[in-house]
Amino acid sequence: MSVVDPTAPLSDHPRRMNAGGLQVRGLRVETRAGVAVVDDVDLDVPAGTVLGLVGESGSGKTTVGTALLGGTRRGLRIAGGSVLLEGIDLTTLSEVELRGWRGSRVSYVPQDPTTALDPAMRVGKQVREVLDCHDYGSGPDARAQRVTEAFGEVGLPTDGEFARRYPHQLSGGQQQRVCIAIAFATWPALVVLDEPTTGLDVTTQSLVLDTVRKLTQQHGCAALYISHDLAVVSTISDEVAVLYAGSVVERAPTEQLVHRPRHPYTSRLVAAVPDLAGRRALTGIPGGAPSPGARPPGCRFEPRCTLAVDECARGLPPLVPVADDHLARCIRSADVSPAEVRDRDPEVGRAADPLLRVEGLSARYGKVSVLHGLSLDVPRGTCVALLGESGSGKTTLARTIAGLHRDAEGTLSLAGERLPFGSHERTRQTRAAIAYVFQNPYSSLNPRRTVGDSVGRPLRVLRGVRGAELDRRVGEMLDRVYLSSHYAQRYPDQLSGGERQRVAVARALISEPTLLVCDEITSALDVSVQANLVGLIEEFRHELDLTLLFVTHDIALVRNVAQQVAVLQAGAIVENAPTERLFTDPQHAYTRELLETTPNLVS
Amino acid sequence: MSALVPPAGDGGVTAPVAGQTPGLLRRSLATGRTRAGLAITMLVVAVAVVGPFVAPGGETAIVGPPNASEVPGLLFGTDVTGRDVWTRFLHGGISVLWLSALCTLVGVGAGLLIALLAGYSRTWVDEVLMRTTDVFLAFPAIVLALLFLAIFQPSAWTVILTVALGHAPRVARVMRSAVLDVAGRDYVRSAESMGLRRWSIRLGDLLPNVTGPLMVECGLRLTYSIGLVAGLGFLGLSGLAIDQADWGLMINEGRTAFTVQPWPVLLPVTAIGLLTVGTNLIADGIARAAAGTDREVGE
Amino acid sequence: MALGRLVGRRLAVGAVILFVVSLLVFGASLLLPGDAARAVLGRSASPDRLAVVRAQMHLDDPAPQRYLAWASDLVTGDLGNSTVSQEPVIELIAGRSGNSLLLMAIAALVATPLSLLLGSWSALRRDQLADHATALGTLVLASLPEFVVGIALIYVFATGLLQWFPPVVSTTMPVLEQPSVLVLPVATLVLAVAPYITRMMRATMLEVLDSDFVHQARLNGIPERSVLWRHAVPNAIGPVAQVIGLQLAYLAGGIVLVEFLFAYPGIGQGIVEAVNARDIPTLQALIMLIAAFYVLVNLLADVVGVLTNPRLRTGVA
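Residue numbers (the numbering used here), protein chains in the order written: chain X, 1 to 603; chain Z, 1 to 299; chain L, 1 to 317.
Honestly, the hints are just simulated from the structure, not real lab data.
None of these values were measured; they are calculated from a predicted model.
The beta carbon of each residue, even a glycine, is placed where N, CA and C say it ideally should be.
Do not take every clue at face value.
[To be verified] Residues from chain X that keep clear of chain L, each with C-beta distances beyond 10 angstroms, as calculated: (1) Arg-260; (2) Gly-298; (3) Lys-367; (4) Ser-390; (5) Arg-460.
[Stated by the list, open to error] So the derived label-pair ranges between C-beta atoms look like this: (6) X:Ser-369 to L:Val-16: 30 to 36 angstroms; (7) X:Gly-373 to L:Pro-64: 48 to 54 angstroms; (8) L:Arg-225 to X:Gly-199: 29 to 35 angstroms; (9) L:Gln-242 to Z:Val-49: 39 to 45 angstroms; (10) X:Ala-570 to L:Leu-114: 51 to 57 angstroms.
Start from the sequences, fold in the hints, and give me the full structure.
So this is what it looks like as structure tokens:
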């Protein structure tokens with residue numbers, strides 16, 4: 001391995017000989033109180049390859065990412081382990097030396113490009129700045145040329161006009177590509193990407209992923225792609241490492257990990273990812289990950305593991321090879337079965353009469369027209385998905401149906417009866433008949449009301465139920481969403497995101513509605529939690545003969561949840577078909593484009 | 001049929017945090033600065049409230065030659081007409097206190113009402129209210145007060161109304177942003193979908209969730225009220241009877257002889273200063289507690 | 001250009017504000033008990049004389065007409081005569097305006113750079129002793145009413161402990177010929193205004209220093225000094241400019257108490273005297289003057305706000 005002086009200027013010659021790649025051994029990051037956030041993390045990323053790091057909330061994946069740059073959030077410090085890059089252990093470097101490495105040898109692509117770019121500085125200048133401060137190249141001309149090159153590499157216009165723009169004049173996808181350009185501008189040895197495609201729509205995401213993959217190979221650098229989304233990770237990574245509760249539990253080449261996992265968590269995680277091909281049934285993982293400080297002394301997945309035996313709880317298993325190139329942290333790894341390809345009988349929608357009928361609906365926000373004369377029939381007892389990306393109008397449609405948006409024209413009818421647009425003008429019956437579950441579990445519950453208070457409100461307001469009767473029914477409802485009735489006394493900020501969503505579902509269903517509108521209810525949740533919630537809704541649909549309108553941007557989820565799909569683009573329904581037909585024989589170009597660009601678990 | 005595993009708990013990390021604003025007062029009391037502020041304020045309030053009962057003698061009694069700083073038997077000498085400074089000081093706080101308190105209550109109340117209306121209206125009400133308050137914002141409160149006092153006889157109610165008029169636009173601006181913020185949350189949408197009336201939602205969902213900024217504003221406005229009320233007294237326009245003991249008035253009366261007999265000015269000035277510092281410390285403490293502190297989290 | 005549009009809009013709003021204020025000011029004078037003619041002529045005036053003066057002053061005309069007459073006079077510079085001294089108001093306030101402007105200008109020129117520097121300095125030394133000391137000091141000063149600060153300064157520097165400056169202004173000399181008189185009033189105003197700007201600057205700097213793009217700049221290896229001057233400061237100036245503008249406008253009110261305290265011959269003192277003497281024409285003129293000043297300073301603050309915010313500069317909402 002070559003020892004490189006981190007303070008020396010980079011050479012002009014573009015191709016770097018990057019023999020070593022990245023090796024991380026035993027990395028441990030602690031809080032000031034000594035509580036470990038991540039510990040015993042081992043990673044290997046050969047030059048020119050991408051390692052995906054997958055983890056859900058509480059796994060510590062972002063902490064690992066910033067630790068590789070020798071940086072941590074306030075209150076955390078690197079307490080042990082080594083980070084070897086180009087033969088140098090980054091944990092042994094001083095702050096001054098590290099600053100020389102950051103941005104030049106090791107760079108970081110952030111999650112949110114909108115806030116990561118300086119709003120007061122032109123984008124070209126922001127790329128140039130990094131080159132200047134690391135003394136790239138032989139002089140100002142070389143740097144100016146490199147800026148242009150960098151924009152070209154990420155597929156952005158190379159004319160001067162674009163470089164003179166401010167971040168707010170760019171789209172989300174363009175902003176992210178600027179961040180990637182900055183990261184790759186100095187020909188680094190390691191690039192850390194922290195969920196860089198969150199918030200981008202599927203086609204842009206696909207572009208960004210392609211760009212990253214291409215650049216990694218061209219530059220011959222090592223890339224670490226951090227994400228919670230296993231599907232995305234699997235399309236871009238050569239190898240995947242799974243992080244659970246602060247340590248790596250499995251690491252293997254992508255295909256092997258997905259098809260032949262050797263750790264129970266990985267296996268369950270794969271099963272929780274919606275399968276675009278619709279072959280695998282969606283199953284969640286019960287329980288929750290332990291937070292730092294509350295981690296059990298033995299295997300951390302043991303409390304939720306179906307394969308657990310007594311020995312598992314006694315000590316943390318070591319990360320050992322279990323097959324070629326395949327490491328796992330489980331004493332029963334041989335018994336781990338691959339994600340079950342349960343033959344789903346995709347449920348075919350019944351030919352039932354429509355419960356909800358939308359005809360010629362147009363809606364506006366002020367002067368801007370958001371929906372353009374669309375029509376839709378929602379058959380009784382089925383789940384109809386409203387699929388679209390941001391800006392397609394799907395939320396507006398959902399809200400108009402629920403009576404939350406009044407600036408609209410057209411006809412809405414429920415069970416044959418015409419519906420006025422504002423909820424104030426609707427009868428109590430109608431208001432009780434249509435229920436709504438919101439996307440963001442952190443803002444859909446009033447923080448000043450107890451859970452019981454919020455859940456019981458529809459009964460109080462719409463059906464006049466009070467007192468002991470109300471308490472009883474609230475308790476019942478909480479039980480039915482698998483939260484104990486003790487939750488009635490708690491406040492929302494004592495609950496996790498998944499629990500809050502279940503409270504929201506309880507609130508929606510307590511008035512015994514006939515139509516349930518779900519607005520991106522899983523977008524803010526971890527994949528394993530998402531599967532549980534979706535399962536819960538399905539259960540209710542069958543038990544109560546509920547009709548569902550399921551708004552989402554997640555195509556794979558649609559296949560596992562809905563019997564009919566309406567695809568929205570720019571305020572119009574471009575395709576409306578039974579689920580299986582839409583996926584096997586899409587008619588509209590937009591639908592085809594969505595299906596092609598959506599990442600799916602490598603199959 | 002999809003196979004289901006009944007979820008016993010769920011994924012994601014549970015963050016056990018104490019309930020919100022019920023704990024805000026508790027949390028702010030835990031900070032040193034709120035406690036210091038409370039101590040100082042209570043001290044001055046005690047002097048003002050208990051003072052009249054422990055003062056030696058009456059506030060209007062002449063007990064010695066005017067402006068004499070050294071008079072046997074008197075702690076701080078006599079004022080411009082020969083009254084006992086210490087007695088007048090002990091009597092002079094209560095008027096400042098109740099005037100400021102009322103100014104604050106009326107001002108914050110009016111501002112809150114405007115904010116609730118403007119921050120959650122579907123119509124032009126918001127525009128109109130905000131433009132109107134903008135006009136009044138264009139004024140230093142004291143100038144506005146002087147204008148009105150020139151027209152109407154200075155009386156306690158004139159003072160209260162004009163100072164409150166000075167507060168209301170500022171409170172309305174601040175509280176309107178808070179209300180707007182809350183009005184955008186989904187639980188308000190949820191209440192709307194149930195068909196609840198707008199005032200029901202204002203009182204049941206919006207108001208309880210803006211108590212943090214409201215308390216901060218109360219504290220800040222109280223500080224300014226005290227300054228304004230005392231200031232108007234200092235200018236001789238407080239609307240109180242001419243020989244009534246009042247801290248602001250005492251400063252006004254004692255100005256001319258300040259060089260030789262500083263006590264009629266220094267005592268009330270110190271008291272007013274301490275009081276405003278105290279209330280501001282409390283307001284600041286609440287503001288910091290409401291803003292929250294950095295948490296150490298792993299993700 | 002976005003800037004031009006903004007200035008235009010702001011001027012229009014300012015004009016409306018001045019209009020409404022003028023309505024208020026004029027309307028308030030209508031509510032005055034007593035008779036304006038009698039106030040001018042004195043109590044012993046004969047009914048005939050009163051009738052003549054009333055006609056002269058158009059007191060029997062309908063209110064809107066009187067308003068228009070008054071407003072047009074105002075705009076052309078005819079501010080009427082003081083009911084106290086019978087002299088043209090404009091002469092009375094000309095000198096005073098100059099004095100007050102001098103006071104406010106010096107206070108602004110001292111306070112602004114001082115508080116910007118102090119605010120940034122304490123933000124960089126976050127949570128250290130210097131920061132805590134500054135925070136406490138500014139908090140205390142921000143709470144104190146200006147006249148309390150003024151009296152304290154007088155006691156320490158003029159009459160009590162140290163006798164460096166005169167406590168009151170001598171009216172026999174123009175202010176500029178006795179510069180030492182300016183020191184304490186300016187100091188009081190600075191101490192009234194600077195703490196708040198300092199706190200805002202510190203808060204804004206901290207917010208910017210904690211922002212994602214500063215974090216990213218550090219992750220990109222940009223040296224701390226560049227992070228500070230090239231990324232943090234440019235983004236902190238905008239919000240602070242607005243606050244500075246408001247504070248400077250607040251000076252217009254602060255001078256009332258300060259001038260009264262120091263017997264400084266400015267507009268503030270003029271207003272108090274006019275109120276006490278019920279000199280309505282003078283009062284009206286002075287209040288309109290302050291309102292105009294306020295509108296102007298707010299406009300300037302908005303302009304600076306736009307110039308420093310690229311989003312607004314390029315016209316994208």
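Tested hints:
{"no.": "1", "hint": "Arg-260", "in the structure": "holds, 37 angstroms"}
{"no.": "2", "hint": "Gly-298", "in the structure": "holds, 36 angstroms"}
{"no.": "3", "hint": "Lys-367", "in the structure": "holds, 13 angstroms"}
{"no.": "4", "hint": "Ser-390", "in the structure": "holds, 19 angstroms"}
{"no.": "5", "hint": "Arg-460", "in the structure": "holds, 41 angstroms"}
{"no.": "6", "hint": "X:Ser-369 to L:Val-16: 30 to 36 angstroms", "in the structure": "holds, 33 angstroms"}
{"no.": "7", "hint": "X:Gly-373 to L:Pro-64: 48 to 54 angstroms", "in the structure": "holds, 52 angstroms"}
{"no.": "8", "hint": "L:Arg-225 to X:Gly-199: 29 to 35 angstroms", "in the structure": "holds, 33 angstroms"}
{"no.": "9", "hint": "L:Gln-242 to Z:Val-49: 39 to 45 angstroms", "in the structure": "holds, 40 angstroms"}
{"no.": "10", "hint": "X:Ala-570 to L:Leu-114: 51 to 57 angstroms", "in the structure": "holds, 55 angstroms"}
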